[in-house]
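Residue numbers (the numbering used here), protein chains in the order written: chain L, 22 to 300; chain W, 150 to 476; chain V, 132 to 477.
Label-pair distances were calculated between CB atoms; the ranges are:
no., chain 1, residue 1, chain 2, residue 2, range
1, L, Ala-123, V, Asn-230, 52 to 60 Å
2, W, Gly-192, V, Ala-248, 49 to 57 Å
3, W, Trp-185, V, Gly-210, 32 to 40 Å
Derived by calculation from the structure, the hints in this document are not laboratory data.
Every residue, glycine too, gets a C-beta built ideally from N, C-alpha and C.
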Amino acid sequence: MAIPLRRRAADIAAFAFATFATAFGLVWLMWILWTTLIEGAKALTPALFMEMTPPPGSVGGLLNAFYGSAVMIFLGLIIGAPIGVAAGTFLAEQGRYSRLAAVVSFINDILLSAPSIVLGLFVYELVVRPSGHFSGYAGALALAMILLPVVVRTTDEALRLVPNQMREAAFALGMPRWRVTSQILYKSAMSAILTGILLGVARIAGETAPLLFTALNNQFWSANLNAPLANVPVVIFQYAMSPYDEWHELAWAGAFVLTLFVLLLNLLVRFLARRGASK
Amino acid sequence: MNPTFAHEPELAAAPVARSGAGADRVFGLVTAGAAWLVLLLLGAAALSMAWGGRLAFETFGWRFVTSSEWDAVGGHFGAFVPIVGTLVTSAIALIVAVPVSIGIALFLTDIAPRWSRGPIAIAIELLAAIPSIIYGMWGLFVFAPFMAAHVEPWLSSKLGPLPLIGALFTGPPIGIGMLTAGIVLGIMVIPFISSIAREVFSAVPTALKESAIALGSTRWEILSRVTLPYTRSAIIGAIFLGLGRALGETMAVTFVLGNAHDLSISLLMPSNSIAAAIANEFTEADTDLYRSSLIALGFLLFVVTLVVLTIAKLLLLRVNRQLGRTH
Amino acid sequence: MKASRMAALAAAILIAGCGTQTGNKPGQGASALQVTGAGSTFVYPVLSAWAADYKARSGTSVNYQSIGSGGGISQVEAGTVDFGATDQPLKSDELAKNNLAQFPVIVGGIVPVVNIAGLDAGKLRLTGPLLADIYEGKIKNWNDPALVKINPGVPLPNAAIATVHRSDGSGTTFNFTHYLSQVSPAWKSGPGEGKTVAWVGGVGGKGNEGVAAYVKQLPNSLGYVEYAYVMQNHMTFALLQNSAGNFVAPSAAAFAAAAATADWKNAQDFNLVMTNAPGAQAYPIAASTFILLPRRPKDKAKSDAAVAFFKYAFEKGQQQANKLDYVPLPADLVQRIESYIAAKVK
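Chain L extracted, bound-state conformation:
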């Protein structure tokens, strides 16, 4: 029996809409990436990686910003990842038996999607105000707080993927719990945990708002973490909102490098995840 026209029309409309919607999403992606590529490539010179941020109206590079970002991401990683892995371990190992674990897991997921500007304000109140100055340390702390929920969630899931037989076998051999976790579970879930940390790094690399009131910015080379520290996102913000064409070019170059870094990390994470799953 042939399907009546009205129903067939609705079906075709749905088909068309779904295809259009996907094309819509892909068009935005390509437009944004294409723009970033074209504009960024224009300003991509070796000077970008060798000179400091210039005063308005002159050319220069982003070396101090790259350095500051690298240091703060690294510090944020050192602070946030161990705590995240520890908390994620707690959730995975105690998840079924502990009320606390259920609550923490819930709260963690909320923190994961919470606005990062609020965490920046928190670190301002916690560190910048009492110490009386902006600092790279405060910036790193803010980044650590954003990294934390990501690592907790991914460590939790990574450890849950380890089959229970491994745990039972280790316990059967009389290993204490801490050894089971550190020597058996971590080893087995290590690549998944690491990819989770990489995902977190990709996330905090692009964060701007929390750095606005913690690390601020610095036009000169500075390696002093106890003072305002240059960083890529805030420099992009300042330069893009300025009227100077040279600064606009540098902003696009910074945006290009940042996007490339984040996208490559994301693709790396997927590649590692697939490799881990097929093992």
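Start from chain L and add chains W and V according to the hints.
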């Protein structure tokens, strides 16, 4: 007592090796401590916002939320304009993102050839990976001029004169404003909603879909009468998740919203959002009341996103239970 | 274990970088000092040029964050920076309360800028009262009769005016609105004057940079910026009618003519605003930027370094100032400032 063997009492009662017991306790304390730290973080952030904003709340009371004045000179601050700006841009974002995300989910689970599903899904999820400051820059330098040159003049000439909704589309076509910000937000939010939608669409039991096909349903009818009702909680949860992200988004909005503490009906006019106001004005707040008002704004945002994300999580938790997952 | 060894190596490099002193290049001499300042975006172009020169000469970096006068005042009062810069001078009682010394460092001008297709710089004429009316929303279109009347022969489009103002606490806004209050009673009783006012509509830009950026970007827009920004970004400025009735173009000479009438001798703590100055060639919105220094600084070395920097700016910075069309301060004023600093800042 070793909980792994809760159902086998003899094994559970077996003592752990002496050397391990102390280390076990330390390890347990460390992991539990880290977990408590997560809780502490949320609580401390909320408390710190509330504490920082208390001066503003004490000074203005409920008027803080209802007043549309923002006068740093006279010391009168009201959150109404940023709140409205946040809500309007988020609403536009959802209007853009929800149909598109469901369409993408349908495409990826039903229409696309199997070999293409993976790459297209990855591409859509890359939208979430792009840092929001990139969205902001692209919005300001590329999208806003596009809106100003091609879309907004059309909107204000065709829809402006209409009786009721006309007021929404009046004003000079400058490109930056609530409409542009809402659309950019919507694009940012698409991957969050579509990835959850795709996951739950493909988890609908094939038996249900097959019986619908057997009864002669078209693809659209399967979507509207089987898939969507079955996944309703998850879709609503995903929408709330998208809303939560849209409410808190700072950088993309700061570039294209126009930073004007001005209440206006028209979507083409610039406005302000809570996050953009804080980002723009915090380092220049020169009185305690000003700073406290901004922190109070942050507190309001935090509370609202907390509520929205809690609802989202509750809905998605129920879905996980439905689908047989234990966490 | 290769990955962890590489990670350790990367960490070592980064941490070694942390250990180096701040300076021109990583690893420069340990004597390089870093002075921090924040505030007025009005003075930023010339201050950053001075800072770059001074660094080349002495090795001291002056790291200035251009965040607006309001921010500069609050940062130096909170002690988070070594000096602040504001275009709105503080009154003596507030200075005393916060133990600050205040002195002017440069004079510049605030210029209306527009973005109208086909209109060249210096062709459009505006008056103070008309500017006030535009910003209050009373004049909405570029081809309003009042604007056409004073611009015979200038092609003004039939388009809505998109006004741009400052979204941050701005000394530039203070000087601009102070001027509007002086020439328009409606403005004075309406939005009034201040580092920020209740703007009627329009887009808010952050800093002089933000306003310039928006005016460059948005068609048919109008904004107000310090003249150095107009020059650096090749913007379309308008002529403004002064108190003598002449339509004056912005220039260092016009700003100097306005500044010449300023009575610094009788201004306690140099608290002086020079808008709407008398004189046939005086530019109507001239303004100075004031530096705020703590009188009992926490870090004496940094305070001395800041004072040395400003001494350099006064005595050797004229060339940079002239290049950007600012007006350096006259020698007798500089002398008075230097003795004031010596007396107040210990």
